[in-house]
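The task is simple: from the sequences and hints, build the whole structure.
Using the numbering used here, read the sequence shown as starting at 13 and increasing by one per residue.
These aren't lab readings, by the way, just hints derived from the structure by calculation. Fair warning: this is a prediction, and the values are worked out from it, not measured in the lab. Worth double-checking, as some hints may not be accurate.
[As the list claims (entries may be wrong)] List of simulated lysine-lysine pairs, DSSO-like, C-alpha gap at most 30 Å: (1) Lys84 to Lys105; (2) Lys96 to Lys67; (3) Lys84 to Lys53.
[Stated by the list, open to error] If you anchor each label on the Cβ, the simulated ranges turn out as follows: (4) Lys105 to Pro460: 47 to 55 Å; (5) Tyr284 to Leu459: 21 to 29 Å; (6) Ser422 to Ser144: 36 to 44 Å.
Cβ atoms here follow ideal geometry from the backbone N, Cα and C, with glycine treated the same way.
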Amino acid sequence: MYKKMKKSSFQKAFLIFIGLFFSVNLWGQNYVPGEVIVKLKSSGKGSGSGSVARKAYSFVGKMITQRKMSLKMSWSRLNMYNFKLAPNDSVQKVIQDLKNDPDVEYVEPNYYVNKASVTGLQEKYTAQEVQSFGGSYPTTSAPIHVTDAWSILSTPSQKPIVAVIDTGLDLNHTVFQQTNSIYTNPGEIPGNGIDDDMNGYVDDVHGWNFVSQSGNMIDDDGHGTHVAGIILGVGQDIYSPPFSESKIQIMPLKFLDGNGIGKTSDAIQAIYYAVNMGASVINNSWGGPGYSAALHEAIVYSYNKGVSFVAAAGNSATNNDSAPMYPASYDVPNVIAVAATTDSDVLASFSNYGYNSVHLGSPGSYILSTIPGNQYGSMSGTSMAAPFVSGVAALIKVESPQMLGYQIKSIILGDVDGVGALSQKVSSEGRLNVLNAVQKAKTATVLPTQPGYTFSNQDRGLASALATGGGGCGMVKAVYSNFNQQAQGNGQGSSLFGGDLETWYVLIVVGIMTLPLILLSIFREKDKAYRRQYERFNINT
13 MYKKMKKSSF QKAFLIFIGL FFSVNLWGQN YVPGEVIVKL KSSGKGSGSG
63 SVARKAYSFV GKMITQRKMS LKMSWSRLNM YNFKLAPNDS VQKVIQDLKN
113 DPDVEYVEPN YYVNKASVTG LQEKYTAQEV QSFGGSYPTT SAPIHVTDAW
163 SILSTPSQKP IVAVIDTGLD LNHTVFQQTN SIYTNPGEIP GNGIDDDMNG
213 YVDDVHGWNF VSQSGNMIDD DGHGTHVAGI ILGVGQDIYS PPFSESKIQI
263 MPLKFLDGNG IGKTSDAIQA IYYAVNMGAS VINNSWGGPG YSAALHEAIV
313 YSYNKGVSFV AAAGNSATNN DSAPMYPASY DVPNVIAVAA TTDSDVLASF
363 SNYGYNSVHL GSPGSYILST IPGNQYGSMS GTSMAAPFVS GVAALIKVES
413 PQMLGYQIKS IILGDVDGVG ALSQKVSSEG RLNVLNAVQK AKTATVLPTQ
463 PGYTFSNQDR GLASALATGG GGCGMVKAVY SNFNQQAQGN GQGSSLFGGD
513 LETWYVLIVV GIMTLPLILL SIFREKDKAY RRQYERFNIN T
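Structure follows, in structure tokens:
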């Protein structure tokens, strides 16, 4: 038997305020100081001559010798480079200078991005506590027909791979161990210190950590483990052992540090790694307000390889049509942008939306899933909504292994449940239905090709790109954490209270602007016609 536990109006309003508070604080400067990403032209007249490779070599040499830059990273096949600037150089000045270089196609900051959960842990259980509940139940009580789909799933001849680009994964969690759901690189010999498969990564046995540049998949935040559990839980019970063999594989790719913050350059690396190592689906429960042409191109690469790219819409309760959030707002045909809904089928108060840019709703309020330390916890955010969709995309690949990302997106969006509260809020005007999508995949004729897509730089210009402060980001770091881990974060986040006077003025303004939302939430709680229920389900024992 389930017991409903409703959150108070004050708690809901507090979450809204905290989300906006952290959004403003984190995004005062939303790019890495002293770094730029440069894409060189592959053809055309320039200062150099000869082959593209020679021109690139000449350009990189010029940056190092004349501007005293250092090369941090290169994607030579893409003619793209990540430079660290000289101490006396500024990002703005370098961008202005290089935009006039005839060899440069584009130059941009290396933007920060952040995980897309609106809260930290809201409840926590040990594995033993969850197991004592007994029975078999899904990760959400929203009517998305998860358990109905379980009974009709096929057994895959080869498990599709879902890349989780996030904060890492607790590889030792019982759920992932017993389900045999962790991706293993067949070309790598563990622990020998050799790049056996010659892909550029040494001992990438279960994925890669782009923060520490190692195969250590430690999740020093908890977000990635939670997201991975949701993806796995779309296809099976993750609470009641013994756990059945999984139908999918989870490929953890860590690029967010212990504070849930990462760099666009690392996200780009993770996307190329995922695609090149065979991922069919990429889950992206992170984002930021800065448009990156380099990230855009990486997603186009995933589209051309037939991969599904699922992204969280953001948590600032704003319209992505007018205030884009990336990567969810890229218009590449394989991108599925996901808003968060509640168990009562209304748009979560924190969720971003957009009739032209966000595609569907999915449960994202108080979702119970795996966390590090062999435990379970509940979190909220579009971070939690996106992995439900990624899980469905993977199950579609189970039923139809040759289906490409564009058709998978069409099936998912074409078989949603229409929800009145999502009218004019998302393009499908509906909420995810797992059963409908799986049933459609079983009978659908596989399309051999996808529509063509040509990349074009949609940069809004230097001034707007570098001045995008809070801007409705809403990709906030955890407000608090209820679980203790021995592992230390391998990156440093923003100082919350160590700001200047201007920051405090902004926060005061945000507080004033938030007051109507708090009052509205309280009044709606008292009005049954507009009551929004945020529920989690606990089992009476």
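Evaluated hints:
With a C-alpha separation of about 19 Å, the suggested pair Lys84 and Lys105 falls inside the 30 Å cut-off, and the hint holds. Using a Cα cut-off of 30 Å, the hinted pair Lys96 and Lys67 holds, with the two alpha carbons roughly 20 Å apart. Restraint check: the Cα-Cα separation between Lys84 and Lys53 comes to about 20 Å, which is no more than 30 Å; the hinted pair holds. The supplied range of 47 to 55 Å is met by Lys105 and Pro460, whose beta-carbon atoms lie about 49 Å from each other.
The hinted range of 21 to 29 Å is satisfied by Tyr284 and Leu459, whose Cβ atoms lie roughly 25 Å apart. Roughly 42 Å separates the CB atoms of Ser422 and Ser144, a value that falls within the hinted 36 to 44 Å.
Consistency note: the structure conflicts with none of the earlier hints.
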